[in-house]
Amino acid sequence: MSNVTFPRKQFEKDIGKLDEKMQNKIAMFGTGLEKFDNSEIEIEVYPNRPDLLSYHGFKRSFLAFLGKKTGLKEYKLHKPEKDFAVNIDSSVKDVRPYTVCAIVKGLKFDDEKIKEIIDIQEKLHLTIGRKRKKLAIGIYPLEKIKLPITFKALEPDKIKFIPLESDREMSGLQILQKHPKGKEYASLLAGKSKFPIFIDANNNILSMPPIINSQITGKITNETREIFVECSGFDLNSLNKCLNIIASTLAEMGGEVYQMELYEKNSKKISPDFSPEKVKINLEHANSLLGVNLTEKEIKRYLEEMGHNYNKGVVEVPPWRTDILHEVDLIEDIAIAYGYENFVPEIPSITTTGKEEQKEIIKRKIAETLCGLSFLETSSYHLTSKEDQFKKMIMPEEEFIEVKESKTDYTILRKDLTHYLLKILSENVDAEYPQRIFEIGKVFTPTETENLALAITPANFTEARQRLEYLSRMINIKLEISESEKIPNYFIEGRTIAIKLENKIIGYLGEIHPKILKNWKIKMPVSLFEINLEEIFKKLE
Numbered sequence: 002m003s004n005v006t007f008p009r010k011q012f013e014k015d016i017g018k019l020d021e022k023m024q025n026k027i028a029m030f031g032t033g034l035e036k037f038d039n040s041e042i043e044i045e046v047y048p049n050r051p052d053l054l055s056y057h058g059f060k061r062s063f064l065a066f067l068g069k070k071t072g073l074k075e076y077k078l079h080k081p082e083k084d085f086a087v088n089i090d091s092s093v094k095d096v097r098p099y100t101v102c103a104i105v106k107g108l109k110f111d112d113e114k115i116k117e118i119i120d121i122q123e124k125l126h127l128t129i130g131r132k133r134k135k136l137a138i139g140i141y142p143l144e145k146i147k148l149p150i151t152f153k154a155l156e157p158d159k160i161k162f163i164p165l166e167s168d169r170e171m172s173g174l175q176i177l178q179k180h181p182k183g184k185e186y187a188s189l190l191a192g193k194s195k196f197p198i199f200i201d202a203n204n205n206i207l208s209m210p211p212i213i214n215s216q217i218t219g220k221i222t223n224e225t226r227e228i229f230v231e232c233s234g235f236d237l238n239s240l241n242k243c244l245n246i247i248a249s250t251l252a253e254m255g256g257e258v259y260q261m262e263l264y265e266k267n268s269k270k271i272s273p274d275f276s277p278e279k280v281k282i283n284l285e286h287a288n289s290l291l292g293v294n295l296t297e298k299e300i301k302r303y304l305e306e307m308g309h310n311y312n313k314g315v316v317e318v319p320p321w322r323t324d325i326l327h328e329v330d331l332i333e334d335i336a337i338a339y340g341y342e343n344f345v346p347e348i349p350s351i352t353t354t355g356k357e358e359q360k361e362i363i364k365r366k367i368a369e370t371l372c373g374l375s376f377l378e379t380s381s382y383h384l385t386s387k388e389d390q391f392k393k394m395i396m397p398e399e400e401f402i403e404v405k406e407s408k409t410d411y412t413i414l415r416k417d418l419t420h421y422l423l424k425i426l427s428e429n430v431d432a433e434y435p436q437r438i439f440e441i442g443k444v445f446t447p448t449e450t451e452n453l454a455l456a457i458t459p460a461n462f463t464e465a466r467q468r469l470e471y472l473s474r475m476i477n478i479k480l481e482i483s484e485s486e487k488i489p490n491y492f493i494e495g496r497t498i499a500i501k502l503e504n505k506i507i508g509y510l511g512e513i514h515p516k517i518l519k520n521w522k523i524k525m526p527v528s529l530f531e532i533n534l535e536e537i538f539k540k541l542e
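Numbering-wise (my numbering), the sequence shown opens with residue 2 and increments by one.
Because the hints were derived from the structure by calculation, they are not lab data.
Keep in mind that the hints are not guaranteed to be accurate.
What the hints assert, rightly or not - Derived Cβ-Cβ restraints for the label pairs, each shown as a range:
| id | residue 1 | residue 2 | range |
| --- | --- | --- | --- |
| 1 | E481 | S289 | 48 to 56 Å |
| 2 | L291 | K69 | 36 to 44 Å |
| 3 | K279 | F445 | 26 to 34 Å |
| 4 | D20 | K184 | 43 to 51 Å |
What the hints assert, rightly or not - Below, simulated SDA-like cross-link-like pairs (lysine to any residue); rule was C-alpha separation at most 25 Å, straight line:
| id | residue 1 | residue 2 |
| --- | --- | --- |
| 5 | K524 | E262 |
| 6 | K220 | L284 |
| 7 | K70 | K94 |
| 8 | K387 | I119 |
| 9 | K424 | N477 |
| 10 | K424 | M525 |
| 11 | K124 | E227 |
| 12 | K505 | R365 |
| 13 | K145 | L127 |
| 14 | K94 | D389 |
| 15 | K18 | P98 |
| 16 | K387 | E406 |
| 17 | K135 | I413 |
| 18 | K392 | E227 |
| 19 | K539 | L469 |
| 20 | K74 | E305 |
| 21 | K487 | Y339 |
| 22 | K522 | L127 |
| 23 | K501 | M525 |
| 24 | K501 | K522 |
| 25 | K18 | Y311 |
| 26 | K106 | E305 |
On a predicted model such as this, the values are computed, not experimentally measured, just so you know.
Glycine included, C-beta positions come from ideal geometry on N, C-alpha and C.
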């Protein structure tokens, strides 16, 4: 969660007096009012609504919630002018493969607006950007840039510019070693042979994402009237949403948003794109989930109070909303606009006696045992991608359940927990070692079962086996181990064993093959086991 501070005088001028009724409205909108005084208002924004992380973004949505400016707000997008283009070089593929960009004109900055832009940039870095791991944002004064722009990667010693808040030129490596921001985010480029840069037509470096902008071409001031905005990172959908949040905020400030042409190999894309996403909603389903009896006219009104458009069962969702993934998310918006205070609690007409299920008792015992061994429990999605499940694990694409019309790269139900543990380790290579993690969760093979997976790095076969034997004693189950002719491709042959319960194979333990570690960019050896818990449940019930 992030806290955002607004000028109280500006709030009361644009939105209304901050009396007790308004304070309740802010809370019912889902943004807790943390504190306020005569000069400032501080609210808490939940991670699912990054579009509210600026005053202008909050004002747009809150005015709709109050019924003053309802419906989907539209902004005019101007077509690209001459040289409004970014050339994406193939050299960035392995370091930061995607970027989306925009140009905004007609801005009139003051200290308050500059502070707002810097604040939302940093808060988006922390939330959507996962501390710049997933994406980073750059904002530049256009008057100091010659278009078109190139996004490419160079060897660190060939990158030389004066970084922001510095007075001397540094190379790419020197920035990571000596500049405060470089040292803070150095791990994001650790091990890379090339670093990404944005460079203009005069060969002036604009920035080295995700680290720092140039002092000469990367700092906006009160005199800045036109800016270039870029978002670079690894997930194209997140980048588009992030750019839409920034661009629409600048449009709220009075800016005119221009699209840019993005050239990559033989393809061309245009960004940003403010086209609303269309999601179907069922009236009966909405009323059933909420326990109310709303008419279509009422649902239309409530959705428009949350900034959407509605027409005949189809909702147009604002392109800056990152939290609307399913019909249920729209139903939640209806509940917010309807008012949680207006729901009438009902006592169920049946009487039941609660009891913890035996499976849950066993899972809790396993988790407590492993936590006692200094393991950290993780929880990952049931959905995964084909690349993570099959390609990186060098496994054949067979016997999997695919999600119809998935809106993300997560298109299939996971077949194991192993690849997710490796994914977590790969995303934390900059964290302290040793790393010990485990997960208990459902897998789909394609039948649904409960599995346990455990990983240690750096570690060898013996260390994982010791943990398995200790766990076996603690839950009073005799697990046997033996060699097996058939083992999963991701283990090292000769360093892997089958795990059996009453002569039935329930899993495997071993060391992860170096090829797999390379695919995940993990540099430490990993010892891991995964077992099916269903037979253990039957034995202990």
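Next item on the list: Verify the proposed pairing of K94 with D389, using a straight-line Cα cut of 25 Å.
Entry: holds (17 Å)
Checklist line | Agreement of K501 and K522 with the hint, judged by alpha carbon distance not exceeding 25 Å | finding: violated (31 Å)
Margin query: So if I understand the rule, the pair passes when the alpha-carbon distance is 25 Å or less; does K124 with E227 pass?
Written below: holds (23 Å)
Notebook entry, point to check: Does the alpha-carbon distance linking K487 and Y339 stay inside the 25 Å limit?
Noted result: Distance of about 58 Å is beyond 25 Å: violated.
Notebook entry, point to check: Straight-line Cα separation of K392 and E227 no greater than 25 Å?
Noted result: Not satisfied, since the Cα-Cα distance of roughly 44 Å exceeds 25 Å.
Checklist line | K74 paired with E305 [C-alpha distance capped at 25 Å] | finding: holds (10 Å)
Check: Is it true that the CA of K106 sits at most 25 Å from the CA of E305?
Finding: violated (29 Å)
Margin query: What's the verdict on K424 and N477, does the C-alpha distance respect the 25 Å limit or exceed it?
Written below: violated (31 Å)
Next item on the list: With a cut-off of 25 Å on the C-alpha distance, tell me whether K387 and E406 pass.
Entry: It holds: about 15 Å lies between the C-alpha atoms, which stays within 25 Å.
Next item on the list: Decide if the proposed pair is consistent with the structure: K505 and R365, CA atoms, cutoff 25 Å inclusive.
Entry: holds (24 Å)
Check: Is 36 to 44 Å a correct range for the gap between the Cβ atoms of L291 and K69?
Finding: violated (25 Å)
Checklist line | 25 Å Cα cutoff - pair K145, L127 | finding: violated (28 Å)
The structure fails to meet hints 2, 5, 6, 7, 8, 9, 13, 15, 18, 21, 23, 24, 25, 26 from the earlier list, while all remaining hints are met.
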